[in-house]
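Asks: So you can see what is in the structure, the chains are spelled out below.
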Amino acid sequence: MPTPDRPAFAGIDRLPALIAPFAAFGPDIAVAIEDADGRLIAGIASSRAARVSVPIGPESAPLGRVVVRGPGGAAGAPGVESAARVLAAALAALAEAEGVDAQAVEERTRIEAELALGRRLQRSFVPLVAPDVSGWALASHYEAAREVGGDFFDAFAPRDRRSELAIVMADVTGKGIAAALLMAFARPLIHAAIDHARRPAVALERTNRILVEERRAALFITALCCYVDTRSGSFVVANAGHEPPLIIRVGDIAPEEVVVAGPLLGAFPTIALDESHGVLEPGDTLVLYTDGVTDARAADGIRFGDERFRGVLGDAANAGATARELVDAVVGAVRAFIDDEPAADDLTIVVARRLPPRPRVRRLGARSASRR
Amino acid sequence: MALDMGFEQTGGGDGTTVITLTGELDASNFTELIEAGRRLHADGTRRIVLDLAGLSFLASSGLVALHSLIRILRGEAPPDPEEGWGAIHSLEFDVSGGGAQDEVVLVAPQAAVDRVLERTGLKRLFRVHADRSAALADA
Numbered sequence: 007m008p009t010p011d012r013p014a015f016a017g018i019d020r021l022p023a024l025i026a027p028f029a030a031f032g033p034d035i036a037v038a039i040e041d042a043d044g045r046l047i048a049g050i051a052s053s054r055a056a057r058v059s060v061p062i063g064p065e066s067a068p069l070g071r072v073v074v075r076g077p078g079g080a081a082g083a084p085g086v087e088s089a090a091r092v093l094a095a096a097l098a099a100l101a102e103a104e105g106v107d108a109q110a111v112e113e114r115t116r117i118e119a120e121l122a123l124g125r126r127l128q129r130s131f132v133p134l135v136a137p138d139v140s141g142w143a144l145a146s147h148y149e150a151a152r153e154v155g156g157d158f159f160d161a162f163a164p165r166d167r168r169s170e171l172a173i174v175m176a177d178v179t180g181k182g183i184a185a186a187l188l189m190a191f192a193r194p195l196i197h198a199a200i201d202h203a204r205r206p207a208v209a210l211e212r213t214n215r216i217l218v219e220e221r222r223a224a225l226f227i228t229a230l231c232c233y234v235d236t237r238s239g240s241f242v243v244a245n246a247g248h249e250p251p252l253i254i255r256v257g258d259i260a261p262e263e264v265v266v267a268g269p270l271l272g273a274f275p276t277i278a279l280d281e282s283h284g285v286l287e288p289g290d291t292l293v294l295y296t297d298g299v300t301d302a303r304a305a306d307g308i309r310f311g312d313e314r315f316r317g318v319l320g321d322a323a324n325a326g327a328t329a330r331e332l333v334d335a336v337v338g339a340v341r342a343f344i345d346d347e348p349a350a351d352d353l354t355i356v357v358a359r360r361l362p363p364r365p366r367v368r369r370l371g372a373r374s375a376s377r378r
Numbered sequence: 040m041a042l043d044m045g046f047e048q049t050g051g052g053d054g055t056t057v058i059t060l061t062g063e064l065d066a067s068n069f070t071e072l073i074e075a076g077r078r079l080h081a082d083g084t085r086r087i088v089l090d091l092a093g094l095s096f097l098a099s100s101g102l103v104a105l106h107s108l109i110r111i112l113r114g115e116a117p118p119d120p121e122e123g124w125g126a127i128h129s130l131e132f133d134v135s136g137g138g139a140q141d142e143v144v145l146v147a148p149q150a151a152v153d154r155v156l157e158r159t160g161l162k163r164l165f166r167v168h169a170d171r172s173a174a175l176a177d178a
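These protein sequence lines are chains X and W, in that order. Last residue of the first sequence: 378 in this note's numbering, with the numbers rising by one and none dropped. Last residue of the second sequence: 178 in this note's numbering, with the numbers rising by one and none dropped.
Rather than coming from a laboratory, the hints here were simulated on the basis of the structure. Just so we're clear, the structure is a prediction, and the values are computed from it rather than from any experiment. It is possible that part of the hints are untrue.
Unchecked claim - Negatives, chain X to chain W, calculated, CB over 12 Å:
#: 1; residue: D138
#: 2; residue: A143
#: 3; residue: D177
#: 4; residue: G180
#: 5; residue: K181
#: 6; residue: A203
#: 7; residue: N245
#: 8; residue: A246
#: 9; residue: I253
#: 10; residue: A267
#: 11; residue: L270
#: 12; residue: S282
#: 13; residue: R303
#: 14; residue: R309
#: 15; residue: D321
#: 16; residue: D351
Stated by the list, open to error - In silico contact screen, one side only, chain X against chain W (beta carbon under 7 Å); selected entries:
#: 17; residue: T179
#: 18; residue: L225
#: 19; residue: G247
#: 20; residue: P269
Where is the CB? At the ideal position from N, CA and C, for every residue including glycine.
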């Protein structure tokens with residue numbers, strides 16, 4: 007019987023009339039319409055052996071097949087194959103007449119499945135829990151594009167360096183399942199490299215070497231790697247082809263860019279990366295992001311751009327936004343800018359703020375003995 | 040979002056093709072440029088002059104296309120960037136000396152495009168010319 011929830015051919019709803027002639031060959035004959043991969047689209051499933059199988063459309067690229075199963079005597083009867091050919095021709099003609107391209111349908115299905123898998127993969131690699139670092143506030147946003155990109159980020163205390171915070175922001179070039187898979191390969195690689203490298207440039211250089219030696223990637227990765235000493239606020243950052251990070255200083259209107267650059271990962275057998283050093287004073291905020299933020303485009307083709315991005319960050323910071331509110335302000339501004347169109351690229355932003363010392367709460371009547 | 044590609048064979052029959060890119064090269068169309076490179080190579084092109092004067096935006100995916108063009112012209116079949124895991128990426132660039140390759144030269148990248156090439160370090164793979172005639176003379 008036709009299964010209307012799995013449409014594959016136009017004209018499939020006329021199937022009962024088309025398969026009726028087969029009844030003449032015997033009651034146990036099962037006629038099935040299968041797609042190009044042998045999945046039952048319509049007709050009757052049977053565990054018996056296939057006696058006849060003819061392509062619907064050209065044999066080289068069939069839209070599907072008509073398969074007749076049943077007892078050898080009945081299904082193997084001389085007229086069965088020619089009846090199956092008539093049915094296949096009818097289905098092919100109907101598909102053509104009604105403009106349904108089963109391959110296009112199948113392609114679309116395949117792409118959708120890939121997209122879903124890519125998004126799931128991607129989501130599964132977004133850190134679930136932001137590390138709880140005393141004196142610091144971390145906030146992030148990750149949003150997969152419809153056709154998933156390869157953004158990823160990570161934030162953790164490296165092994166044996168528990169007072170340090172490593173923050174990684176990366177973007178695999180290209181899209182879809184290939185980008186998501188490379189991301190899945192690269193993320194733990196970078197984590198391990200960071201655990202074993204005292205300098206972020208060394209961590210990224212090792213990652214590059216492994217990516218190239220393993221020859222895993224037809225794609226490249228841009229990556230930022232930042233080590234923060236959570237006690238002093240001093241940081242070191244290395245950049246492999248990524249957008250440099252920004253710092254919002256307490257009291258400054260405009261975010262400043264950390265000047266650091268270098269070649270991306272996966273393109274050159276060996277790379278030597280520079281590092282940039284600095285200090286985050288209490289209240290200062292480090293912002294890492296991917297080009298999905300700045301390259302987000304409105305329907306008229308205008309991109310969100312650096313200037314708007316920095317403007318939003320500066321305004322929000324001046325209004326006293328927390329780390330979380332800062333991230334939300336950017337995401338809200340990008341969404342409003344692209345008018346809630348589906349984002350063409352992943353949108354990822356991570357901010358780390360060094361919290362100002364907590365003001366001492368002085369209770370009424372409390373003596374100032376606690377002052378040291 | 041749109042990318043226009045114009046193709047022009049140079050008269051000398053030296054296997055040089057000028058590709059003029061107009062619009063934006065990004066994740067939605069970078070495979071088209073790779074595909075065009077494959078076809079050109081099959082038809083005898085061995086060197087591509089990429090005129091970028093009309094290209095207003097180059098996304099990181101576009102870099103994959105530029106990289107792939109070089110490999111195609113060297114007769115290496117670059118992996119399908121959408122093939123993912125099984126794709127093999129042989130990296131034959133001699134970058135130790137910082138030398139650019141000869142297969143693909145660039146013409147007149149706009150500032151935004153130049154910034155991406157610069158930022159990602161890929162610029163060192165390419166000789167960049169101010170105009171097309173200079174690029175064609177640079178055989």
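Asks: Hint by hint, note whether the structure agrees.
Replies: Consistency of the hints with the structure:
| no. | hint | in the structure |
| --- | --- | --- |
| 1 | D138 | 33 Å, holds |
| 2 | A143 | 29 Å, holds |
| 3 | D177 | 7 Å, violated |
| 4 | G180 | 5 Å, violated |
| 5 | K181 | 5 Å, violated |
| 6 | A203 | 20 Å, holds |
| 7 | N245 | 8 Å, violated |
| 8 | A246 | 8 Å, violated |
| 9 | I253 | 18 Å, holds |
| 10 | A267 | 6 Å, violated |
| 11 | L270 | 5 Å, violated |
| 12 | S282 | 14 Å, holds |
| 13 | R303 | 8 Å, violated |
| 14 | R309 | 8 Å, violated |
| 15 | D321 | 25 Å, holds |
| 16 | D351 | 7 Å, violated |
| 17 | T179 | 4 Å, holds |
| 18 | L225 | 6 Å, holds |
| 19 | G247 | 4 Å, holds |
| 20 | P269 | 3 Å, holds |
The structure is inconsistent with the numbered hints 3, 4, 5, 7, 8, 10, 11, 13, 14 and 16, although it conforms to all the rest.
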